[in-house]
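Participant: The lines below spell out each chain.
Protein chains: 2
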Amino acid sequence: MRIVDIRETAVPLKSKLANSSFDFSEMTTSVVALITDVVRDGAPVVGYAFNSTGRYACGAAMRARFIPRILTAPPSSLLDSSGDNFDPAQVLAVMQQREKIGGDAERSVAIGTIEVALWDAVAKIARQPLHRLLAERHNGGRISQSVFCYVGGGWYWPGQTLDDLKDEMRRHLDTGYTMVKMKVGGLPLDQDLRRLEVVLEVVGGGDRLAVDANGKFGRDEALAYAKALAPFGLRWFEEPCCPLDFALMAEIATHYAPPLATGENLYSTQDVVNLVRFGGWRAGHDIIQVDPPQASGIVQYARTVAMLEDNGWNRSALFPHGGNQMSLAIAAGFGLGGAESYPGVFGDFGGFADDARIENGRLSLSDRPGIGFEGQARLYAIMRELAA
Amino acid sequence: MRIVDIRETAVPLKSKLANSSFDFSEMTTSVVALITDVVRDGAPVVGYAFNSTGRYACGAAMRARFIPRILTAPPSSLLDSSGDNFDPAQVLAVMQQREKIGGDAERSVAIGTIEVALWDAVAKIARQPLHRLLAERHNGGRISQSVFCYVGGGWYWPGQTLDDLKDEMRRHLDTGYTMVKMKVGGLPLDQDLRRLEVVLEVVGGGDRLAVDANGKFGRDEALAYAKALAPFGLRWFEEPCCPLDFALMAEIATHYAPPLATGENLYSTQDVVNLVRFGGWRAGHDIIQVDPPQASGIVQYARTVAMLEDNGWNRSALFPHGGNQMSLAIAAGFGLGGAESYPGVFGDFGGFADDARIENGRLSLSDRPGIGFEGQARLYAIMRELAA
Numbered sequence: 001m002r003i004v005d006i007r008e009t010a011v012p013l014k015s016k017l018a019n020s021s022f023d024f025s026e027m028t029t030s031v032v033a034l035i036t037d038v039v040r041d042g043a044p045v046v047g048y049a050f051n052s053t054g055r056y057a058c059g060a061a062m063r064a065r066f067i068p069r070i071l072t073a074p075p076s077s078l079l080d081s082s083g084d085n086f087d088p089a090q091v092l093a094v095m096q097q098r099e100k101i102g103g104d105a106e107r108s109v110a111i112g113t114i115e116v117a118l119w120d121a122v123a124k125i126a127r128q129p130l131h132r133l134l135a136e137r138h139n140g141g142r143i144s145q146s147v148f149c150y151v152g153g154g155w156y157w158p159g160q161t162l163d164d165l166k167d168e169m170r171r172h173l174d175t176g177y178t179m180v181k182m183k184v185g186g187l188p189l190d191q192d193l194r195r196l197e198v199v200l201e202v203v204g205g206g207d208r209l210a211v212d213a214n215g216k217f218g219r220d221e222a223l224a225y226a227k228a229l230a231p232f233g234l235r236w237f238e239e240p241c242c243p244l245d246f247a248l249m250a251e252i253a254t255h256y257a258p259p260l261a262t263g264e265n266l267y268s269t270q271d272v273v274n275l276v277r278f279g280g281w282r283a284g285h286d287i288i289q290v291d292p293p294q295a296s297g298i299v300q301y302a303r304t305v306a307m308l309e310d311n312g313w314n315r316s317a318l319f320p321h322g323g324n325q326m327s328l329a330i331a332a333g334f335g336l337g338g339a340e341s342y343p344g345v346f347g348d349f350g351g352f353a354d355d356a357r358i359e360n361g362r363l364s365l366s367d368r369p370g371i372g373f374e375g376q377a378r379l380y381a382i383m384r385e386l387a388a
Numbered sequence: 389m390r391i392v393d394i395r396e397t398a399v400p401l402k403s404k405l406a407n408s409s410f411d412f413s414e415m416t417t418s419v420v421a422l423i424t425d426v427v428r429d430g431a432p433v434v435g436y437a438f439n440s441t442g443r444y445a446c447g448a449a450m451r452a453r454f455i456p457r458i459l460t461a462p463p464s465s466l467l468d469s470s471g472d473n474f475d476p477a478q479v480l481a482v483m484q485q486r487e488k489i490g491g492d493a494e495r496s497v498a499i500g501t502i503e504v505a506l507w508d509a510v511a512k513i514a515r516q517p518l519h520r521l522l523a524e525r526h527n528g529g530r531i532s533q534s535v536f537c538y539v540g541g542g543w544y545w546p547g548q549t550l551d552d553l554k555d556e557m558r559r560h561l562d563t564g565y566t567m568v569k570m571k572v573g574g575l576p577l578d579q580d581l582r583r584l585e586v587v588l589e590v591v592g593g594g595d596r597l598a599v600d601a602n603g604k605f606g607r608d609e610a611l612a613y614a615k616a617l618a619p620f621g622l623r624w625f626e627e628p629c630c631p632l633d634f635a636l637m638a639e640i641a642t643h644y645a646p647p648l649a650t651g652e653n654l655y656s657t658q659d660v661v662n663l664v665r666f667g668g669w670r671a672g673h674d675i676i677q678v679d680p681p682q683a684s685g686i687v688q689y690a691r692t693v694a695m696l697e698d699n700g701w702n703r704s705a706l707f708p709h710g711g712n713q714m715s716l717a718i719a720a721g722f723g724l725g726g727a728e729s730y731p732g733v734f735g736d737f738g739g740f741a742d743d744a745r746i747e748n749g750r751l752s753l754s755d756r757p758g759i760g761f762e763g764q765a766r767l768y769a770i771m772r773e774l775a776a
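Just so you know, the protein sequences line up as chains A and B, in that order.
According to this note's numbering, the stretch in the first sequence is residues 1 to 388, in order.
According to this note's numbering, the stretch in the second sequence is residues 389 to 776, in order.
Do not rely on the hints blindly, as some may be mistaken.
Said to hold, decoys possible - Example chain B residues on the side facing chain A (calculated, C-beta under 10 Å, incomplete):
1) Y544
2) C630
3) A671
Said to hold, decoys possible - Quick list of the computed label-pair ranges, beta carbon to beta carbon:
4) A89/A to A638/B: 29 to 37 Å
5) T161/A to T460/B: 46 to 54 Å
6) A638/B to P75/A: 38 to 46 Å
7) S316/A to G528/B: 52 to 60 Å
FYI, nobody ran anything at the bench for these hints, they're computed from the structure.
Beta carbons: idealized from backbone N, C-alpha and C, even for Gly.
Can you make the complete structure from the sequences, with help from the hints?
Facilitator: In structure tokens form, the structure reads like this:
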């Protein structure tokens, strides 16, 4: 039983989106196919993943370092103690050989994407959906039937009117979502507040709306926005400043009573330790949004979750970044607060299974073995070609 | 006046070295040649750099993102206000377009290496050694004639005896160095202390010896080493633990009176802010060792230096990591505490100009325009071929 090949290709996202800080016009993602010699339903099991959104494709590091380390490791060293399946923790350890400590972001996206593709294979070999396998291993066997999902929307685009923005949010609610997120920081504060107010008219209450500044603000602007936003009692205020400026985050937290959120730009468990230790993030109140395929994968995410629980955090505060089938399975499997959704955004890479239904804010899960990319026809066409 | 081409190639270091945490057997570095249309001495000016040591080659990101952004920018937008030379700050800003905040290590080595190659060209265009150009711009015109250098040595290798280690250290002193560094953490504490004691016999005093744990230790081991090492009054104890575990670093600092050192694994100014804010690092006492070509380059390094000075730090506490001609020029140009040296290590990439002389612990500087790679025959042969 062994991993026969691991293939990677870089695919452009072809997105015209922009947030307050940057646009996605050059953005690419690495699609990975991990091919095993295990046969299920008459064909070799292949695990798939992609490197989520916001960080560029990283195939060169995969091909130069992480794939050869896995393919040259003794196959038996990559199996779990039963010998019936692969052991993601062992594969992670093999990938981390000869890597210098620190600077995790230099390798965490490449490692994490391969590791999540391995989990897809592991779940398929176990003939289980990944969310069920994760629930058994990491959530006391509590199997979710659906996951709370909110829409990451409200992007800026040229020529957009307030009515356009209201229409977008109305569409999300009509689809079945109950909470939306919108960008802030791309316009002056007074204009951003006007955008916020019209969206609030549509969604009905601050607890159904989050805002996202994408780390743009320096101290003065962050505190000005915090002061202006606080009265709205929003679900959360996301990335008000540089995601590593823990001192400023702690200062903002003392001025902003409603929940804050961050984490998609933290790539190691140690960075999350620093957030809760120095960043003023409040257990039982604030939100943490690590993106597992970008932060060395699911084994490392389990370590981050365990560290947070040791520090008094509840899983309901965790919303993995990504808005894709991977973060959905992880949110369901670990029993987290919920997942993000990007309907109609990021081309073939956003969104969930074609037959997934959103109802009263909760997205249905499928029984497909693995992560469930096979239920996303256009994305699966890209993936299948890689394994052919 | 424009940048005509930027070329990159990955070169294996072919090093058999190992520290307590990892070996360099797979290590590569990216060599960069930045070709301009400016003619000096009858030939186009070419700037060179490589990505220092310890992080792998990163040419794919250069070719996909950073080089095209520079080559497609309007040439006039990359010039300084005089129009007579390139402006590294502008070129840095162009490279950072469409890059998401945080996760600096994902791009800082690629960006920094190109940026340092640009500085080599800028100094050659100005017909000055880089250290002199930097002294004028960043150190009030105080030109150094030489730089304090210590040897980063004392590596572990199979079959090594204590006599081998003493011989190595004696060679360094005989060459003209007055301070050496050795690895710790690769053996049990009692054996490491024995190594330390024999080296101390050779070098004569703790102020002439530093030790480096390469971030290996967890809390218990770090505190045990701190307790055991403190009586020796060493020059510094480097990377006692994970370089991002600021809470543990602060705890170690309360138990270890002599100087501590870290920084080669911090890739952003914000990480260094966190070190001095939360890591317990003591201004006027401890050491910071950021590696400029790995941390987005010299413009960003100047911002880090300015931030540290604002926080009460003196430049004498700064020793850039690297042990190469780039960190030497930067240490000289900014008037820092000194530089590292790796004689006979890291193949063609360690060491300084072939005609450089070390005397009483200080390395002589040359008048060659630019960084001075032209004085390192074997390294320059690799670089020149890239520009041919």
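Participant: Which numbered hints does this structure break?
Facilitator: 1, 3 and 5
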